[in-house]
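Residue numbers (the numbering used here), protein chains in the order written: chain A, 160 to 552; chain B, 20 to 711.
Read the hints as simulated data drawn from the structure, not as lab findings.
Treat the hints loosely; a few may be bogus.
In silico DSS-like cross-links for lysine-lysine, where the CA-CA straight-line distance does not exceed 25 Å [unchecked claim]:
hint, chain 1, residue 1, chain 2, residue 2
1, B, Lys387, B, Lys356
2, B, Lys505, A, Lys161
3, B, Lys338, B, Lys356
4, B, Lys511, A, Lys161
5, B, Lys176, B, Lys145
6, A, Lys161, B, Lys244
7, B, Lys566, B, Lys656
8, B, Lys338, B, Lys535
9, B, Lys145, B, Lys40
Covered by chain A, according to a simulated footprint, are these stretches of chain B (three or more residues, beta-carbon under 8 Å) [what the hints assert, rightly or not]:
hint, region
10, 162–170
11, 359–371
12, 510–522
13, 607–617
Even for Gly, the Cβ is constructed at its ideal location relative to N, Cα and C.
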Amino acid sequence: MKILFVDDEPRILEGIERMLFHLTDEWDIICTESGEAALEILDNESCQVLVTDMRMPGMDGAALLQEVCVHHPDVIRIILSGHAELESALRVVPVAHQFLTKPCAAETLVETVVRSCRLHKTLKNRELRKLIGKLKNLPSVPRIYSELGTALMDPAMDAQGVAQIISQDPAMCAKVLQLVNSSFFTRAAHISDISQAVVLLGFQMIKNLVLSVEIFHLSANTPKLPEEFHIEELQRHALSTALIAKDMFSGRLQVDDAFMGAMLHDIGKLILASEAPWELDNALKLATEETLPVFVAEQRLMGVSHAEIGAYLLGMWGLPYPIVEAVANHHNPMQYSQCTTFGIPEAVHLANDLVNGAEIDSGYLEDFGVTQKLAAWRKQAEDLCLTRGENLL
Amino acid sequence: MIVTNFSTEKILTRRLDRATKRIEILEKMIETTSRDLFLANQQTIQEKEYIESLLESMGVSLIVVSHDGIIRQVNAETIRLLGYPAEQLLGKQFAELLGDNRFEELITDVAFSQYEWAYTAHDGRKIPVLLSGTPVRNKAGKVWATSCIAVDITQRKRAEGQFKVMIETSADAIMTLAPPDWSFTSGNPATVVMFRSRDERHFISFGPAQLSPEYQPDGQVSAIKSQEMIKLALRKGSHFFEWTHRRLDGQIFPATVLLARFEFAGEMQLLATVHDISERRYTEDQLMRLSKAVEYANESIVITDPQGVIQYVNPAFEKLTGYTLREAINQNPRILKSGVQSAEFYANLWQTIKNGHVWSGRISNRAKNGTAFIEDVTISPIVDDNGVITNFVAVKKDITKQIALETRALQSQKLESIGQLAAGIAHEINTPIQFVGDNTVFLQRAFSSLIPVLETGRQLLDGSKQDGKIAPKAVLAAEIAYKKAKIGFLAKQIPRAVEQSLEGIERVAHIVSAMKEFSHPSQGMMQSIDLNHAIETTLTVARNEWKYVADMETDFDQTLPAMMCLRDEFNQVILNIIVNAAHAISDNTNAGKDGKGVIRVVTRCDGRWAEVRISDSGTGIPEEVQQRVFDPFFTTKKVGLGTGQGLAIARSVVVDKHAGTIDIDSAVGEGATFIIRLPIHGVENTAKGSVM
Chain A
160 MKILFVDDEP RILEGIERML FHLTDEWDII CTESGEAALE ILDNESCQVL VTDMRMPGMD
220 GAALLQEVCV HHPDVIRIIL SGHAELESAL RVVPVAHQFL TKPCAAETLV ETVVRSCRLH
280 KTLKNRELRK LIGKLKNLPS VPRIYSELGT ALMDPAMDAQ GVAQIISQDP AMCAKVLQLV
340 NSSFFTRAAH ISDISQAVVL LGFQMIKNLV LSVEIFHLSA NTPKLPEEFH IEELQRHALS
400 TALIAKDMFS GRLQVDDAFM GAMLHDIGKL ILASEAPWEL DNALKLATEE TLPVFVAEQR
460 LMGVSHAEIG AYLLGMWGLP YPIVEAVANH HNPMQYSQCT TFGIPEAVHL ANDLVNGAEI
520 DSGYLEDFGV TQKLAAWRKQ AEDLCLTRGE NLL
Chain B
20 MIVTNFSTEK ILTRRLDRAT KRIEILEKMI ETTSRDLFLA NQQTIQEKEY IESLLESMGV
80 SLIVVSHDGI IRQVNAETIR LLGYPAEQLL GKQFAELLGD NRFEELITDV AFSQYEWAYT
140 AHDGRKIPVL LSGTPVRNKA GKVWATSCIA VDITQRKRAE GQFKVMIETS ADAIMTLAPP
200 DWSFTSGNPA TVVMFRSRDE RHFISFGPAQ LSPEYQPDGQ VSAIKSQEMI KLALRKGSHF
260 FEWTHRRLDG QIFPATVLLA RFEFAGEMQL LATVHDISER RYTEDQLMRL SKAVEYANES
320 IVITDPQGVI QYVNPAFEKL TGYTLREAIN QNPRILKSGV QSAEFYANLW QTIKNGHVWS
380 GRISNRAKNG TAFIEDVTIS PIVDDNGVIT NFVAVKKDIT KQIALETRAL QSQKLESIGQ
440 LAAGIAHEIN TPIQFVGDNT VFLQRAFSSL IPVLETGRQL LDGSKQDGKI APKAVLAAEI
500 AYKKAKIGFL AKQIPRAVEQ SLEGIERVAH IVSAMKEFSH PSQGMMQSID LNHAIETTLT
560 VARNEWKYVA DMETDFDQTL PAMMCLRDEF NQVILNIIVN AAHAISDNTN AGKDGKGVIR
620 VVTRCDGRWA EVRISDSGTG IPEEVQQRVF DPFFTTKKVG LGTGQGLAIA RSVVVDKHAG
680 TIDIDSAVGE GATFIIRLPI HGVENTAKGS VM
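Construct the complete structure from the given sequences, taking the supplied hints into account.
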């Protein structure tokens, strides 16, 4: 595998080279000090991963990534920047798959590359491509979500402005308010105003809610849903998983990603339900007959499961890799041998199991050092199950 | 004709009769006169002399006029008064003296008195006289002449005329009031004007009540109060009081009134003199306002005599200093002396004001309770018409809080720029930390991959020591370990990894210490600093701000001596200018995408001045912007990118706190140079510098 590192500080490049020297058998490392040179290298060599600094004289990281996004879309794009404050701004523009800040631990860098490659491989899966090719109208980026994304690029954007965008669609407004006032979000005061909801939940969370509402809305309107498919049930499950997953983190960006990843982890099911209802129906029947997990039945029938399909769509929409990865791998997370950090995919996987009441692999938890928190998470999941009766759609 | 003849005859007859009668009378007269004279001759001679001398000695003029209008006798006073020789007067027609024939009215059988008349003197002058006449009888008791006594009233007339003019031309309204109802009986022209009446008659037609508002300012009814005033005046003889009048056009005005009692034609009357004091009241109000202004002024105001002895302080002064007016009076302002200013400072101050000039400056003072405060003071001498200084007035503004605010503004701008720098500094630090970390991970791995080499090497060594024989197994193990360890790579890379790590650590240490040095507050204390070093530190801290857009060239004059500066504030100035330079270059180079520009920092020692020139190859500053760049809150940057405080603070620090200068040399498209000049021997002994 070829990885290209770009940084205007040669000592950084030398340091990375030395740090990765033990991987030289697997990784072919190329270094260069400018964006212009990097583009030239990409034109001539087939690199799988690009890791670049942000602020550089001449062409900066953002410009380089934009170029790569257009001309080498298959290259995994990772930012390694000393300017941590740029991350939130850059996440809005989906030019980078992953974002790392300096100083970055050696293993984090390696792990991020490994995870990204694995996901990349999943998404490039021949069976998946074949199935996707068959689906006629894959939904495009939901409109309000994408409008919010553009609006939030403006640092001067305020809650009023965000509320205004959401208010364009009264149905959306009502859904968002219904969600925030549901017992999933335990709040003392009733929120009756969308801008109030924006202030209370924050821009990112509102944006996530909007996306999930829009996605569920797309599928809910499909007339040919399979018999055994309950969209309302699916949404309740997604929300419960999201609320547990987000509480597994404390950093703002991680909380948002965990919520989003969990909220959308079954999005592939929605696509199947609306675009390939017959295949989904068969898989559901097979699962019931042989008491298999649905995703196993799907894999047996189609070669891929809803997880990969969902991840593919989100990847296309430009969602951050941690979310896409969480969706893709929510049935088969990374093993500790491959990664040491308890990331978003691990959290979504665990939250999904907790909400489903599935057996939890305690050894797995131990590896990641989160065993002592299990009890609290389990309790939360049980509490959420009690809200089943509530209508969300 | 017959008729005529007849009548002529008749007339003639009558005339004859009359003449005959006259002759008879004359005969009798002559008879009696001659008899009288004859009889009296001896007896009356003494009496006649007595009367004559009496007449001569009279201080008044006496003229005896017979009833035919002929002057028969005059006395000496008459001659003196009229300037005629006695012989010309006697036998003269009295009418000539009087100037007309009206004497017939006077010369009758009846006495008259006190007629105002005028005699015509010999030289033609009219002499006003008060004339009294007594009929003169002859022995038969028949009136044949009148003796006229005339008193010269020229003086009185003149005085009267003057009084009249005085009253006519008086600016005060003068009027008379008469009982029983004390209505006006006369008024001078000023009265007419003052009350806006048409003329005197028009004026008199109004009563006093109509010329006053219903109520006086004290709330009393004017009609009642005016009666009281009149009573008082009648009782005391005169009464002076303030009164509010109303003109006929309705305008109300304040006045003073003098009511004086006088007797006329046997009854008490009143003379009123009304003085319109609206002008005076206006001036008084004006003065009152001025004194209130002084009293309520936020600034302390101190008035001293030419010797500097306090004569007045206002309440603001009392409040600020804790000294009351009573305590401050007769003191010298040195009671506030804090000891911060030197003796020369005060000497200079006194010299300035004693020479009649205004002194202004900043003084650090101390209140009664010891609290220090800083004032902006302006002291002005007050001179009289002869140019002699009579007083000094000091107006002093307490700027202690303002200085605190300015300090805070500076501090917040500093924090803001540090905040801005922090991200850049983090990057500057994160970069070396990244490669130091990577190198250390490498060294760790390198070391662990070298351990088997050492281990197998030791076994080889042990084997060769024991029996001199080396087991082939051990050799193989050593060989494998050696190969695996990639010794060649390690041998080349380890020294470099160590070297670069040390360099990285050095870089971090350098940035951290520069940061500390840059931001450590000087507490407003002047310190001896090396200007070159201070600039270098600032350039290090700000490196991330300029390094992407510009190359830095420095040319420091090593002969520049250490000088007294407010270190942190000086650093701030350099930082603000460097950041601006970087922004200007960024604008000029498409944020560095079109290649880097140059920032050049030069220091020079120029006699008594240290000069710092900071040039950039940026966009340059248009002429009209140059004039405003040092204004607070002026900015040409986009909203959110600049507060407009940077250069204003730079100016304040350089000019106000270091007594230096800051200038721009720039033209659009040719970059800009900021030139800062600071006095090498520190701030001169100025008022401003001494309190900072």
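Check: Checking C-beta pairs, does the region 510–522 of chain B have three or more residues closer than 8 Å to chain A?
Finding: That given contact holds, which follows from 5 residues of the region 510–522 of chain B lying within Cβ reach (below 8 Å) of chain A.
Note to self: Against the 25 Å threshold, does the CA-CA distance of lysine 338 of chain B and lysine 535 of chain B hold or violate the hint?
What the structure shows: With a Cα-Cα distance of about 42 Å, the restraint between lysine 338 of chain B and lysine 535 of chain B is violated, given a limit of 25 Å.
Margin query: Check the hint pairing lysine 387 of chain B with lysine 356 of chain B against an upper bound of 25 Å on the C-alpha distance.
Written below: holds (10 Å)
Next item on the list: Sort out whether lysine 244 of chain B lies within 25 Å of lysine 161 of chain A, counting only the CA atoms.
Entry: Status violated; Cα separation ~115 Å.
Check: For the pair supplied as a hint, lysine 176 of chain B and lysine 145 of chain B, is the alpha-carbon distance within the 25 Å limit?
Finding: The hint holds at about 12 Å.
Margin query: Can you confirm whether the C-alpha distance between lysine 511 of chain B and lysine 161 of chain A stays at or below 25 Å?
Written below: holds (24 Å)
Next item on the list: Would you check chain A against the region 162–170 of chain B, counting CB to CB pairs closer than 8 Å, and say if three or more residues qualify?
Entry: violated (count 0)
Checklist line | Pair hint lysine 505 of chain B and lysine 161 of chain A, alpha-carbon separation not exceeding 25 Å | finding: holds (21 Å)
Notebook entry, point to check: Is the hinted pair lysine 338 of chain B and lysine 356 of chain B satisfied, with a Cα-Cα distance of at most 25 Å?
Noted result: Judged against 25 Å, a Cα distance of about 17 Å means the pair holds.
Margin query: At least three residues with a C-beta closer than 8 Å to a C-beta of chain A: is that true for the region 359–371 of chain B?
Written below: Answer violated; 0 residues pass the 8 Å Cβ test.
Note to self: Hinted pair, alpha-carbon criterion (25 Å max): lysine 145 of chain B, lysine 40 of chain B. Please report holds or violated.
What the structure shows: Not OK: lysine 145 of chain B and lysine 40 of chain B at ~43 Å, beyond 25 Å, violated.
Check: Okay, the region 607–617 of chain B and chain A, do three or more residues pass the C-beta test at under 8 Å?
Finding: holds (count 4)
Violation of the numbered hints given earlier is confined to hints 6, 8, 9, 10, 11; the remaining hints are satisfied by the structure.
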